[in-house]
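> Protein chains in written order, with UniProt numbering: chain P, 1 to 83; chain U, 1 to 408.
Just so you know, the hints here were simulated from the structure itself, not pulled from any lab data. This one's a predicted model, so the numbers in the text were calculated from it and none came from an experiment. Treat the hints loosely; a few may be bogus.
Straight-line Cα separation of at most 25 Å, PhoX-like style, residue types lysine-lysine; simulated pairs [unchecked claim]:
hint, chain 1, residue 1, chain 2, residue 2
1, U, Lys55, U, Lys24
2, U, Lys382, P, Lys56
3, U, Lys371, P, Lys82
4, U, Lys59, P, Lys9
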Amino acid sequence: MEADLILEKINEILVDEFEVDADIISPESNLKDTLGLDSLDYVDLVVAIESNFGVKLGEADFVGISTFSDFYKLIETKIQNKN
Amino acid sequence: MSRRVVITGMGIYSCIGTSIEEVKQSLYEGKSGIVYDEERKEFGFQSAITGMVPKPNLKNLLNRRQRISVGEETEYAYMATIEALKNAKIEDSYFDENEVGILYGNDSVSKAIIEATDIIRDKKDTALIGSGAIFKSMNSTVTMNLSTIFRLRGVNMTISAACASGSHSIGLGFLLIQSGMQDMIICGGAQEINKYAMASFDGLGVFAANEAEPAKASRPFDSARNGLVPSGGGATLIIESYESAVKRGAPIIAEIIGYGFSSNGGHISTPNVEGPATAMRRALEQAGIQPHEVGYINAHATSTPLGDANEAKAIHEVFGGSNPYVSSTKSMTGHECWMAGASEVIYSTIMMQNDFIAPNINFENPDEDSKKLNIATETVNKNFDIYLSNSFGFGGTNSAVVVKKFKE
């Protein structure tokens, strides 16, 4: 899957799952603060990503993930590794 | 300390109406809420008739975090609670300034557990069931969620007492307020309506057989009764001390004056006569009234052969001298199980407020026991000041609540 398509799909998932406006998401914004994620929300984020991309995220994967851009790269890498 | 305890708000989400006003109309008209559910038949039910309520739309009422933590029974309880709070004239800000408790009856979370387990079986990974599953899968799900949604800071627990859960929640709330330990408690009962929740109950072969005529299937006390009809929803009462109600200028609907409980000490599912009779006597004793002062009895009667017969014997034993009007609203609603004790206090209070006794529909022919009772076969236009509501459950748990028209 192309990086642009992955980014687009992730944004769709985030907007749908966390019920936020699409325009608050930008690559350099902070993922946690922008979406208002708490510890329980990360559980749902893992479920949403697995259901849509078939890749599994663990707690360790989120170390060092700050911005949306970081998160896109994480998912891209996971998808590449899967393939 | 012994304080007066009053009801200042009621809310209902049931198969005969999703507001107090709708339910009042259904009760007066003797309208049944029972339907045939094809999905249950395909699932393997022996009897596929049930009470049914519409799925609440909570999208604009609760935020995402709140919504993903509530299961079916809590959705119904929430709808009933917002109506009860509105009728009690309690604004959201009240909970920030006052300690309010919650005691709610619930005794199953079948759907939530089965759905989460199905995901784990399929994916072999508990990380994929989502964050809401645990909060939906515990028996205390209703109180856990409502106490969080309304930011409650008083007593907070679920009462699990089978089909007497809702009634005991009111009774225990009454005791806590009467003794001065709480000023206001949200009481009630909730019951999930889905094929998972009722499958094992259906497995006992105790559900009514008349699938061709759902509205005629639940026939408490009638000689041709052959089983109960499952049902559900949510029922909430706001109960508080008289002083609290007066202080905030609340509309006082009625006064709770007695609560009696007992346990049969016998069979797990077969009821007896002594246990229910004891609960009724204790409720009257606590209320400080004589049997003849009770104008109406809302019977537990679920439409099972033995259960109704034994309750009829118990009512006759306690109330035979005055023979007040009796009806089982389960003839219209089906058996709302964990919710029933609370919903039936609401149904009876609606009747008392509006001077009528709702009919025990489908009561066509009495049997040896029910012929001794004064069963309301049609709507009776009658003013009465005191009623008693019975609720009994598996394990032999019994509860009787006595409520009086409010007078200064």
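> None of the hints should be skipped; say for each whether it holds.
Structure-based check of each hint:
no.	hint	result
1	U:Lys55 with U:Lys24	holds, 21 Å
2	U:Lys382 with P:Lys56	violated, 66 Å
3	U:Lys371 with P:Lys82	violated, 74 Å
4	U:Lys59 with P:Lys9	holds, 24 Å
Of the hints listed earlier, those the structure fails to meet are numbers 2, 3, in rising order.
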